[in-house]
Amino acid sequence: MDLLPRARASRHDPRVTYTARIHKSVSEIAAEDWDRLAGQGNPFVSHAFLKLLEDSGSVGGRSGWSPLPIVIEGEGGRPAAALPAYLKSHSQGEYVFDHSWADAWQRAGGSYYPKLQISAPFTPATGPRLLLGDRPDLALPLLRAAEQLCDSNGLSSAHATFIEPAQLPMFEQAGWLPRSDIQFHWENRGYESFADFLGALSSEKRKNLRKERARAQDGVEIRQLTGDAIRPEHWDAFWVFYQDTGARKWGRPYLTRAAFDLIGERMADKVLLVLAFDGDEPVAGALNFIGSDALYGRYWGAVVEKPFLHFELCYYQAIDAAIALGLSRVEAGAQGGHKLARGYEPVQTLSAHYIADPNFRSAVADFLERERAGIAQDQMYLGERTPFRKG
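Just so you know, we're using our numbering here: the sequence shown kicks off at 2 and counts up by one.
These are calculated hints, taken from the structure and not from any lab test.
Each statement offered as a hint is correct.
Straight line, CA to CA, 35 angstroms or less: simulated DSBU-like cross-link-like pairs of lysine-lysine:
{"no.": "1", "residue 1": "LYS208", "residue 2": "LYS391"}
{"no.": "2", "residue 1": "LYS212", "residue 2": "LYS307"}
{"no.": "3", "residue 1": "LYS208", "residue 2": "LYS271"}
{"no.": "4", "residue 1": "LYS25", "residue 2": "LYS52"}
{"no.": "5", "residue 1": "LYS208", "residue 2": "LYS307"}
{"no.": "6", "residue 1": "LYS206", "residue 2": "LYS307"}
{"no.": "7", "residue 1": "LYS271", "residue 2": "LYS206"}
{"no.": "8", "residue 1": "LYS25", "residue 2": "LYS271"}
{"no.": "9", "residue 1": "LYS52", "residue 2": "LYS271"}
{"no.": "10", "residue 1": "LYS271", "residue 2": "LYS307"}
{"no.": "11", "residue 1": "LYS307", "residue 2": "LYS391"}
{"no.": "12", "residue 1": "LYS212", "residue 2": "LYS271"}
{"no.": "13", "residue 1": "LYS391", "residue 2": "LYS212"}
{"no.": "14", "residue 1": "LYS206", "residue 2": "LYS391"}
Just the calculated beta-carbon pair ranges, DEER-fashion:
{"no.": "15", "residue 1": "LYS212", "residue 2": "GLU33", "range": "42 to 52 angstroms"}
{"no.": "16", "residue 1": "ASN360", "residue 2": "SER194", "range": "52 to 62 angstroms"}
{"no.": "17", "residue 1": "PRO170", "residue 2": "LYS25", "range": "28 to 38 angstroms"}
Using N, Cα and C, we set each Cβ at its ideal position, and we do this for glycine too.
Can you build the whole structure from these sequences, using the hints too?
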């Protein structure tokens with residue numbers, strides 16, 4: 002499918018009009034071309050990750066996530082810019098909640114679904130959403146292509162979620178509505194060890210964290226595994242953990258069993274799997290992905306009830322690993338105010354939204370203006386309550 006974006010094109014030649022091609026899957030695009038545009042820093046926009054979601058049946062089919070990557074082609078038809086985009090028939094697995102918008106539009110007689118989602122599916126991790134390689138001038142044509150896809154096909158809206166901060170101005174310049182929320186990230190301030198990190202905390206908090214770690218580690222052996230050290234039996238165990246947590250939190254797990262096998266086959270060097278063993282038996286685990294500058298905590302689960310084991314596997318082991326790997330931060334996923342007491346600080350996450358109908362757009366813009374004030378106040382309130390020493 003081809004479309005012609007409504008764009009003044011590049012700073013090089015404003016008379017150029019670009020043609021964007023809509024694909025039915027990331028698999029249709031060569032991995033070399035896609036990764037050249039996406040860069041190597043974020044594992045969730047890599048060709049390997051997005052393709053394994055397709056190959057495993059985690060997206061496509063009846064999942065409600067239909068791949069529609071948009072690519073602007075350059076000389077010789079080679080991709081020059083791209084969007085990881087999906088046609089959505091619901092709002093699940095996004096972690097930026099627009100259910101109230103959908104309800105309002107439905108009550109007004111409109112059809113909110115399908116909509117266009119620009120994101121890494123099921124992944125509330127900050128990253129590039131405009132895959133531009135060395136062509137930042139193609140940001141506007143790329144966004145105009147997404148808009149025209151909505152307008153030409155009766156889609157209510159397009160949503161780019163968990164945008165890296167440097168890209169938000171590109172969306173704002175195109176007229177998309179900005180939105181923010183709060184996550185809790187751990188920042189590496191040049192720590193050389195976990196003890197070094199503890200030294201930055203208040204005395205009371207430092208004692209609490211030491212006690213939590215001791216209780217969590219009592220009676221279990223905790224191992225950090227990556228690359229070839231992750232064996233098929235480890236994925237078997239983690240699938241059990243993931244299913245239990247997924248069923249309780251989301252109603253059904255988003256990833257299929259095959260997705261974990263493919264992660265192990267294709268991305269093991271980008272994975273840190275933290276497992277707790279009782280003897281030779283894994284009883285709990287946390288799955289992280291390794292980026293060039295961050296460790297991304299994604300899933301956790303357990304078949305035992307043990308105090309503070311969740312905090313140990315998901316937060317403290319992640320800090321240990323980030324320090325050892327020289328990474329600047331840990332993104333521990335969505336929600337979770339309990340992360341604050343463990344040294345994870347409030348950080349704004351960003352999204353941008355295109356609303357096709359002008360009246361509906363105006364109503365959403367008013368809502369977002371009020372919401373932004375509340376988010377800013379929440380961040381200030383939480384920022385004053387971190388466990389770090391004051392002054």
